Amino acid sequence: MIFPKAKKIAKELDWYKTKDGVFGLYKDYFFNVGDGSLLSNPQYKYVSATTDTLTEEQKLQIKTELETNKKLLKFSNFEIGDNSVFVQFFENLTFTKLKTVYTLFDFLVDLFKKVGISEQNKCHNCDSKDSVKYYELNDNGVLLCSPCFRQIENSYYEVERERISEEKNYLTGFLGSLVFSIPGIIVWVLIAVYLERLASAMAMVIAFLGLKGYDYFKGRHGKMTKYIIVFSNIISILIANATTVIALLVNEGLTINQSIQEFQTNQAVKDIFNQNTMISFILAFFIWIWLLFLLKDKKMTVKLADKF
1 MIFPKAKKIA KELDWYKTKD GVFGLYKDYF FNVGDGSLLS NPQYKYVSAT TDTLTEEQKL
61 QIKTELETNK KLLKFSNFEI GDNSVFVQFF ENLTFTKLKT VYTLFDFLVD LFKKVGISEQ
121 NKCHNCDSKD SVKYYELNDN GVLLCSPCFR QIENSYYEVE RERISEEKNY LTGFLGSLVF
181 SIPGIIVWVL IAVYLERLAS AMAMVIAFLG LKGYDYFKGR HGKMTKYIIV FSNIISILIA
241 NATTVIALLV NEGLTINQSI QEFQTNQAVK DIFNQNTMIS FILAFFIWIW LLFLLKDKKM
301 TVKLADKF
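Letter 264 of the sequence shown, counting from 1, is numbered 264 in full-length UniProt numbering, and no numbers are missing.
Since the hints were derived computationally from the structure, they do not count as laboratory data.
Treat the numbers as computed from the prediction; the structure is a model and nothing was measured.
Treat the hints with care, as some may be off.
To be verified - Dumping the calculated PhoX-like pairs for lysine-lysine here, alpha-carbon to alpha-carbon at most 20 Å:
(1) LYS97 / LYS71
(2) LYS74 / LYS63
(3) LYS307 / LYS122
(4) LYS8 / LYS27
(5) LYS114 / LYS70
(6) LYS99 / LYS11
(7) LYS303 / LYS133
(8) LYS19 / LYS270
(9) LYS8 / LYS99
(10) LYS19 / LYS212
(11) LYS8 / LYS307
(12) LYS27 / LYS99
(13) LYS7 / LYS19
(14) LYS307 / LYS7
(15) LYS8 / LYS97
Please work from the sequences and hints to get the whole structure.
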């Protein structure tokens, strides 16, 4: 999702867009601008500047200048990579102003010139200026020449083909998700029975375990993956709550058969199960939202970028 400030920057500078951000040239230096995930805490806006491969001396100079001018530039955090500078603006109570972003642009452009970083209106892979176009590379904006684009596209095709050949199927992933959820279910029951604490918060842990189990068993990654993981979470939560109720009844002195019968016939027991299950679903709901709407596909992609 592209937020209003990023949209306005893209319109003013005639930039391009990805799914979650915008990118393009500003005074011949290359920037990506966007916002953090809706679930990120705190919320933030980011500016990522593409550079040449930085020397240790250049990294130190950039670090010193950013630390010295942090208050003036009003940013919250920064990271310096081998060929990029990433800056965050936390947005707890106030939103980042357009003027603040442009001030950072100008500061970085001047700083890059000062430390000897060349302009980035060229292929970011080989530095060629021939047949260069804007591309979307794994949700990030880049400039590539035609030969480099074809090279990356072919390499991604091979990686994707190898990944698909290693993957099994949806059923295998589903079973893996359930198997990895078992430790979470066991801890859930132990907390409820022996510590006498409501263990519904374990629903969030089970959701993450299910995701790890799906990947570990090499379940197929496709359109149905997210829904299968959520479905396995629902089953695991139901099993955990049912097992907890039965274990509590056994702890009170009933046999397992008597406990199962009470679970099936006693309305008060059913009400406890329904109440705890509802709380569990509410807690797991936030993980499911992340899975269904915010979790990005592992597939690597490179394609021509769309103009904003």
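Checked hints:
no., hint, in the structure
1, LYS97 / LYS71, "holds, 15 Å"
2, LYS74 / LYS63, "holds, 15 Å"
3, LYS307 / LYS122, "holds, 18 Å"
4, LYS8 / LYS27, "holds, 17 Å"
5, LYS114 / LYS70, "holds, 18 Å"
6, LYS99 / LYS11, "holds, 15 Å"
7, LYS303 / LYS133, "holds, 10 Å"
8, LYS19 / LYS270, "violated, 45 Å"
9, LYS8 / LYS99, "holds, 12 Å"
10, LYS19 / LYS212, "violated, 26 Å"
11, LYS8 / LYS307, "holds, 13 Å"
12, LYS27 / LYS99, "holds, 16 Å"
13, LYS7 / LYS19, "holds, 12 Å"
14, LYS307 / LYS7, "holds, 11 Å"
15, LYS8 / LYS97, "holds, 11 Å"
Of the numbered hints stated above, those contradicted by the structure are hints 8 and 10, listed in ascending order.
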